[in-house]
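K.L.:
As given, the protein sequences belong to chains Z and F, one line each in that order.
Position 46 of the first sequence, counted from 1, bears residue number 46 in our numbering, the numbering being contiguous throughout.
Plus 1000 on top of the position in the second sequence (first one is 1) and you've got our numbering.
It is worth saying that the hints were derived from the structure and are not from the lab.
In this text, a Cβ means the ideal position worked out from N, Cα and C, and glycines have one as well.
Do not rely on the hints blindly, as some may be mistaken.
What the hints assert, rightly or not - Below, a list of computed lysine-lysine pairs in the BS3-like style, where the Cα atoms sit at most 30 Å apart:
no. : chain 1 : residue 1 : chain 2 : residue 2
1   : F       : Lys1424   : Z       : Lys51
2   : Z       : Lys64     : F       : Lys1286
3   : F       : Lys1346   : Z       : Lys64
4   : Z       : Lys51     : F       : Lys1198
5   : F       : Lys1134   : F       : Lys1320
6   : F       : Lys1180   : Z       : Lys51
7   : F       : Lys1195   : Z       : Lys51
8   : F       : Lys1320   : Z       : Lys51
9   : Z       : Lys51     : F       : Lys1134
What the hints assert, rightly or not - Some residues of chain Z that are not near chain F, with every Cβ distance over 10 Å (derived):
no. : residue
10  : Leu53
11  : Leu135
12  : Thr202
13  : Leu214
Unchecked claim - Reference listing, derived: stretches of chain Z covered by chain F, where coverage requires no fewer than 3 residues with Cβ under 8 Å from a Cβ of chain F:
no. : stretch
14  : 58-65
15  : 218-226
16  : 252-261
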Amino acid sequence: MAAKKSSSIIKKILLYLLLIAITLFMIGPFLWLLSTALKSASENIFQYPPKLLPEEPTFSNFGKVMDVFPFWRYLLNSTIVSGLTVILNVLFCSLAAYPLARMNFKGKNTVFILILSTMMIPFQLLMIPVYILSLNLGLQNTYLGMVLPHVTTAFGVFLMRQAFMTVPYELDESARMDGANSFQIWWKVLMPLVKPSLVTLTIFTFVSAWGDFLWPLIIVNDQNMFTLPLGLNMLSGTFTSDWRLIAAGAIISMIPVIVIFLLLQRFFIGGAMKGAIKG
Amino acid sequence: MKKKHLLLAMILIITMIFVSACGSDDAKKDSKDNKDSKGKTEQTTIEFWTMQLKPTFTEYIEGVIADFENENPDIKIDWLDVPAADLDKKILTAVSSNTAPDVVNLNPTFASKLAELDALVNMEEAVSDEDKQKYVKGAWEANRLQDVTFVIPWYLSTEVTLNNTKIYEEAGLDPEKPAKTYEEAKEYSKIIKEKTGKYGYFPSLDLSLVLQHMVVMGAELTNEDGTKAAFNTPEGLKAFEYFTELYQEDLIPKEALSGDQRNTIDMYQAGQVAFFAGSHFISQIKENAPEIYEHTKPSEAITGDTGKKTMSVQNIVVPKQTDNEEAAVKFALFLTNAENQLAFTKLTPILPSAVEALEDPYFTEAGEDAEPTDLVRITAAGQLDEAELLVPPMENYDELKEAMFDAISEAMLGEATPQEALDKAEKAWNEILAK
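Bound conformation, chain F alone (with noise of 0.2 Å):
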């Protein structure tokens, strides 16, 4: 009899849950009824989402919030955090499902991708032309593809190089003049490596950063129409040559090849590497590794021949599903606007896109107590003239970082020389350029 009840029961309650997902589905539906009823002033709502920004920024984007919708009573925002980590998966599923948010904040790779699939609305008809100047003209224009700029730049950083003092008095290098070419960050990397076996440089080969060193160094990726690899040249071969070199003479850790750029951080923070580009994991090392923050001194990002240095842009987007597009636009430009972003990069590390806000005391001068993460921000502003986006958006964008990278691996792991790594890299590009 017992059991009978126990069966009952466990019935019981699983119609009980399917019967409760209804209540939900009706709830929902009154309230949207309500909305319309009242519905003089017709409430928008817009669908934020945002790329794990809380909780640190949790009071500061619920101010911007709170800010937008007392001027715009008509509008509603719902913000989403969105973990990084997968925020791709979700904006994909959503815009496949017809069910994409309003405004979202994306990284460029990304947004490219979405652009590709003419999935965002594009921002040169949108905004007038007035609203464009107020941001850094790198920046707007950093996100074309095919003559449509399908962003609106929210905040940049550009490169600077994080050195350690203390290893650079250990091998007898003055700190004041750290490294600011190629060459230099070779020749410095040898006199560390002898003095204390420690690594001087440590340049990261992840994400689209081979293709960065390359352009620095003064390659061209593509000829102007992107049909056709142009980087087969000697100052491209100069770049391979150049790793391979600081690879086979064991200069860079063996970590360049096989990690990601976060193995670059680690073994900075933990002592073993004496410079490296870094400027946007400079409050992690804060935190994670106090005594190595104190002896941090931020420079000038390191460059080649070409003097360029390079530029990194967050986005906000508006998907074209949106049905709100007025107003949806209306707030990224709000959220984008010199004075909200001004107290948002007050927050943090990063450089504001809109030229008003740089144009801020806060970016201009160290005060006498400035500390590292100070120092880096001012550094980063005053190069910010100097510096674009040096990989421009291209379809295809991961097979083709891919085939550099497998070529330049190559040619440092001396399965192919330097020249024959180059070759097969261009016959790879021409090919899935062709597409």
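This is chain Z alone, in the form it adopts within the complex (with noise of 0.2 Å):
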């Protein structure tokens, strides 16, 4: 009995050991970032062997990136348009996830895979034609021009799409049943069931509309309306580059995206797991 007792905690404890290593070998590249944004200008950053602890640490390195570019500005920028373009893209999205999912027509299929064959153009191919288009509609230097694009996404459709066929066909039946139309049924009932999957496309739409980086540099040419990415870009200059402030410049830009996943991240696990089991 004891010895069965001793070797599961040693089971146990090789097990948490392995678990450590494995996460430190993960966040170990975004430590070594910290520790470079919060080494003072003195310290040389490519050291060798290279240190992990900064000698000074200082905070002023945030406070420089701060004064490079106007940060509060981009910030904004970023903040509108990511938080459009989530909206927007979970809105039209699970709009368009619904007929593909519930309602019967001719061609169906063949809608579908050509939404889905969409996600095989790379978008830098699309890019001359979208932004002749958007140049044509006035979009340029606008929040909508920089939005507009990634309304959108057969990513999106196709998530939203398989998340509305694993609810049971039999509560849109009930719900007919009792008087809903369909957009009722959409909202009502679908909707709610499918949170995971919603939070999940909430996380990814966020994910890359924060961290783009070359459409926003090509529809806009007022620099009053870059968003946080580009003005990021300024702190390696042409003829220098500070790794300190690159480095704090860095960590700024990852707090939304760590603070939104946070936030969501029950809902992101459990939208997971569901998938996993569902298949």
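Two chains, two frames, a set of hints: combine them into the complex.
P.N.:
Pasting the structure below:
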């Protein structure tokens, strides 16, 4: 009995050691980034052997980042763009997914396959036509110009369609018996039931919108409309780049993503597990 | 009921967004109309893009723009600073949708791509002979593709070797006699490797550097009309053999082959490499590795039998799509005149392309308290006469560069003998050049 117990304890210890090692391995680069951001100007950040702990930790790098470019303005721009993108993307993708999951009409599968096939076209290829379209619509230097190309994504439609398919059809039928129309079924029955997928889509869309570099750069010609990634890019100049500032900037830009994930984490993991069980 | 309100609110928000977008569009139109109606003196607006100069040079560029606008009240400059990372994509998108800016700061490689597409104004015609004389000759001629000079040179740099005097001393070498030729570089590397275990020389093979090394060692890249490869000669072979030997005897870091140019500076900053060509990184070293900076001593570029030294040029181009070619060229000339270039070069370790600016004592005399940055500048300016653009703009340049790099890596990795690799590169070049 005792032997069995001790062997299970050893097993546990080994397991935890392994988990800790993997954790460190995963967050190691992040810790390195943090340590670089905290190093003061007198330290060689490329010294060999490398030092993890800064000799004189300082927060001044974070302050400096905000002076390099109009930080608050760019933060506002990024927030507006990402916020709008997420709201519209989740809304339109689930609206588009509803008929694909629930209604029967001619060419449904063709439509779905066509939507999916757009995932295979890289954005760089679409960029010029989308740019010309946006110019003609007068969307240059507008928030909407940055948001619109991302308001529906094939990935989102696909994700929401699969989510709706997992909801039993009987729920629709009983709602219809009670006199609900299609729109009400979508809004009152299906949407509350696919919250985990909505959250997943929210996080994915937010992360990609928050970090998007190329499209805002192309569509914006006015430095006041730049988003945070474009601003952070200014930290590395043509002739000089101070890695402390770059690290500090990278951390600042990561915070919102981490916060959003922490807030929505409960649902996110629920969603992932649900998907795993039901295939 | 509550849900219904929420839904209504959402629809309202979305409509508002769309309406507001239209609103800003109208506003723009209005301002345009205003401009036209004011117009006895017709205002031209020049769109000017630079490559990653904000925020360090914001004040300088804004100052130049203000001066120019004062002199030319009918021209307004709209400045946009674009991150270097995707400037090429942005300008390509703009050119292909017929909305190119009027004046752009571009590097030679990409400028020559646009020139191949015939998208840039020919400066040979747009600039008067008198103005042409004001630029360093090598810089003006550096950007030619079939007799068309498609840029105005802005600032230049020549390659200066940075030496870590501490490693020199550890290895018992005299820091006053830095490596000047490829042969010396090899010798020094052997000594440094033996005495300290560190690397001596770290030649980068990134970008066009392979081609540059070959030219410096005396190989010709192509025949005169650029239709056939001409580097399969004893000199070309020497270049291949040189790097193969260095690599196989572990005298240069493995990163020479796999990494980009940035690796050289990282290892130098870590005190793992004694010398490398990295003058344009000097202020970065000052910021990131203060104690290495103190031990840094610049010296003239490492060269081969030809004594050639490389020069790189940053350019100003005017796309053909501009509606205001005259004003755009005028601004480009103003930006690159001696006075403005001198002020610019005082802010950062670069050299001006204007002859007059180069005569300033700033580029000729080192003060007593001269820092490594100052020495780099003076050394760099001192060798400008010998420096030239070693790799001229060529069509299908990227493919040529890749082919050469692939060949030399095969030789260095021992997958082929240097001669075999050279034959292979020659064949690939002939195919690409025949296109």
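K.L.:
Next, verify each hint and record whether it holds.
P.N.:
Each hint tested on the structure:
For the given pair, lysine 1424 of chain F sits about 45 Å from lysine 51 of chain Z by alpha-carbon distance, which is inconsistent with the 30 Å threshold. For the given pair, lysine 64 of chain Z sits about 18 Å from lysine 1286 of chain F by alpha-carbon distance, which is consistent with the 30 Å threshold. For the hint pairing lysine 1346 of chain F with lysine 64 of chain Z, the CA-to-CA distance comes to about 23 Å; that is within 30 Å, so the pair holds. For the hint linking lysine 51 of chain Z to lysine 1198 of chain F, the alpha-carbon distance of about 20 Å falls within 30 Å, and the restraint holds.
A distance of roughly 24 Å separates the Cα atoms of lysine 1134 of chain F and lysine 1320 of chain F; the hinted pair therefore holds under the 30 Å criterion. Only pairs whose Cα atoms come within 30 Å are accepted, and lysine 1180 of chain F paired with lysine 51 of chain Z is rejected, the gap being roughly 35 Å. Our distance criterion of 30 Å between C-alpha atoms is met by lysine 1195 of chain F and lysine 51 of chain Z, whose separation comes to about 25 Å. Straight-line distance between C-alpha atoms of lysine 1320 of chain F and lysine 51 of chain Z comes to about 53 Å, which puts the hinted pair past the 30 Å bound.
Restraint check: the Cα-Cα separation between lysine 51 of chain Z and lysine 1134 of chain F comes to about 51 Å, which exceeds 30 Å; the hinted pair is violated. With 10 Å as the threshold on Cβ separation, the claim that leucine 53 of chain Z sits away from chain F holds: the shortest Cβ distance comes to roughly 18 Å. With a minimum CB-CB distance of about 6 Å to chain F, leucine 135 of chain Z fails to clear the 10 Å threshold, and the non-interface call is violated. The non-interface label for threonine 202 of chain Z is consistent with chain F: the shortest C-beta to C-beta separation is roughly 15 Å, beyond 10 Å.
Residue-level check failed: leucine 214 of chain Z sits 6 Å from the nearest beta carbon of chain F, not beyond 10 Å. Residue count for the stretch 58-65 of chain Z with a Cβ under 8 Å from a Cβ of chain F: 0. That is fewer than the three needed, and the coverage hint is violated. Only when three residues or more bring their CB closer than 8 Å to a CB of chain F does the claim for the stretch 218-226 of chain Z stand; here the count is 4, and the claim holds. Residues of the stretch 252-261 of chain Z lying with their CB closer than 8 Å to a CB of chain F number 0, which falls below the three-residue condition for coverage.
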